[in-house]
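My request is simple: use the sequences and hints to build the entire structure.
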Amino acid sequence: MRETFRAITRSQAWRSVFRHGLPLSNRTRAEAVFYNFFLHVHPAKVRRRSLKFTYTWGLGGLSAGLFIVLVASGALLMLYYRPSVQQAYGDMKDLQFVVSSGQFLRNMHRWAAHAMVAMVFLHMLRVFYTGSYRPPKEFNWVIGVVLFVFTVLLSYTGYLLPWDQLAYWGISVGTNMARSVPFGLGERISFLLLGGNIVGENALVRFYVLHCFVLPVAAMVLMGIHFWRVRKDGGV
Amino acid sequence: MSADFRAEKNPDAGAVPKRVAFIKGRTAARVRKEDEDLVMTVPHLVVREAIAFMAMVIVLALLSLFFNAPLEWIANPEHTPNPAKAPWYFLGLQELLHYFPPIVAGVILPALAVIALIVIPYFRVNVKREGLWESSRRRNLIGVCAVAGILSVLLFLYNVYAMLIPTLIVAAVMVTPAFVRRQGRILLWLGSRPLSWWIMTWFVIVVVVLTAIGTLFRGPEWSWTWPWKEIY
Ligand code: HEM
Numbered sequence: 544m545r546e547t548f549r550a551i552t553r554s555q556a557w558r559s560v561f562r563h564g565l566p567l568s569n570r571t572r573a574e575a576v577f578y579n580f581f582l583h584v585h586p587a588k589v590r591r592r593s594l595k596f597t598y599t600w601g602l603g604g605l606s607a608g609l610f611i612v613l614v615a616s617g618a619l620l621m622l623y624y625r626p627s628v629q630q631a632y633g634d635m636k637d638l639q640f641v642v643s644s645g646q647f648l649r650n651m652h653r654w655a656a657h658a659m660v661a662m663v664f665l666h667m668l669r670v671f672y673t674g675s676y677r678p679p680k681e682f683n684w685v686i687g688v689v690l691f692v693f694t695v696l697l698s699y700t701g702y703l704l705p706w707d708q709l710a711y712w713g714i715s716v717g718t719n720m721a722r723s724v725p726f727g728l729g730e731r732i733s734f735l736l737l738g739g740n741i742v743g744e745n746a747l748v749r750f751y752v753l754h755c756f757v758l759p760v761a762a763m764v765l766m767g768i769h770f771w772r773v774r775k776d777g778g779v
Numbered sequence: 097m098s099a100d101f102r103a104e105k106n107p108d109a110g111a112v113p114k115r116v117a118f119i120k121g122r123t124a125a126r127v128r129k130e131d132e133d134l135v136m137t138v139p140h141l142v143v144r145e146a147i148a149f150m151a152m153v154i155v156l157a158l159l160s161l162f163f164n165a166p167l168e169w170i171a172n173p174e175h176t177p178n179p180a181k182a183p184w185y186f187l188g189l190q191e192l193l194h195y196f197p198p199i200v201a202g203v204i205l206p207a208l209a210v211i212a213l214i215v216i217p218y219f220r221v222n223v224k225r226e227g228l229w230e231s232s233r234r235r236n237l238i239g240v241c242a243v244a245g246i247l248s249v250l251l252f253l254y255n256v257y258a259m260l261i262p263t264l265i266v267a268a269v270m271v272t273p274a275f276v277r278r279q280g281r282i283l284l285w286l287g288s289r290p291l292s293w294w295i296m297t298w299f300v301i302v303v304v305v306l307t308a309i310g311t312l313f314r315g316p317e318w319s320w321t322w323p324w325k326e327i328y
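Taken in order, these protein sequences are the chains called A and B.
Here our numbering is used: the first residue of the first sequence is 544, the next is one more, and so on.
Here our numbering is used: the first residue of the second sequence is 97, the next is one more, and so on.
Source of the hints: derived by calculation from the structure; they are not laboratory data.
Everything hinted at is true.
Listed next, the stretches of chain B that the computed footprint assigns to chain A, with coverage defined by at least 3 CB atoms under 8 Å from CB atoms of chain A: (1) 159 to 171; (2) 182 to 192.
Chain B residues, not near chain A, derived (Cβ > 12 Å throughout): (3) Leu260; (4) Ala268; (5) Gly280; (6) Leu284.
C-beta: ideal position from N, C-alpha, C; glycine also.
So this is what it looks like as structure tokens:
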């Protein structure tokens, strides 16, 4: 068993994929980081101090983890959901009562979304109270603030999609607030967002596109920059 | 062998922005003591990340098994629920809307908050992270009392008790170390907090209080409703 496993990890096929052997020596451990696309956001070595759980509380990493959960569960929800006034609510009912594990899927997506808003806020507090925004990390803090705004917007645009009373009036209250931006700008912003003066078919499609494409892509790009900056600014 | 160079530590980032080492003689520079204790990312960090992620997914899955996401009746533009509430993270703002005109509560205050957050790292007062009462005690005391006083009067005039009470409490705790002679550990610690710390702490407390009131304590017509009676 053990020998077979060893043989596999030494085979050319394995090598061609992973380019390194098992992480048994410090050398192969370092290689495991920089030959791996997903791990190379990390340096090969990290400070022991920054590993202490009560320093970061894992909050940034868990925010990213929640984002992954949201993308995965969201993609599955998209298979059953159609963004039209005729169908949206019925599709939610189908998810709850017809689709296997549909309710569970919806729950995962909903609770992860709420958790992410809170998690990102807490991460911001951690960064503040450890003073980790100070030079050279100041710009990464700014990227973080933008990420926080995007997180809230993602959650908010998703809120309309079930097209129930909660969704409809929650969005109406919010877009009415946007209307109060002065110089007629508010009216325009809200018109642009809703595709009209009321929350209707156009608003649903716009929120859907923002929620499922524009905002997640923008957030992913920003997260990429954020993680890259964490490294370039000298690590946590 | 005597040291070729000496690294000095100075907590004041403003006075010593960079560390400069002068290397005498022909020997290569050598750092005697690693000031950072490094460990391999694989396994130390990656294993922790994997465990944290899996634990989080388990918690989420349990939550999702036992609590269902809400789904009310189909949207009906003719029938406005009372109260009509935004999602919880906007209820702090909606609570403000109860006190201030929409332009203040919905635009100016949130915009100010975001701008304030963005400029935090560039607003380099007190780089030394000196406590408020360590030097220039009198000046700081007058400043803090003036700002807190003006803010409190404004909040009082608009009847924003939900912000006034936290503001007064924070201000009181803030100035206490300036007056007490014999300080225990907590007071010493509070006294050594810089101004930015106080502003952020005040901000967070206000945000939490407003959001909690908007979420749990507001019912029809945005009237005060105890959460054990009903949560809207
Ligand atoms: C989608 C949202 C976000 C994600 C996924 C994210 C992720 C991360 C991760 C994984 C780290 C590494 C350290 C850690 O885990 O704490 C980090 C560090 C950092 N984050 Fe975020 N973050 C987000 C939002 C924010 C926000 C809202 C801020 C501040 C306004 C921020 C500012 C920073 C800064 C300055 C660092 C460097 C901290 C240090 O070096 O100690 N981030 N972030």
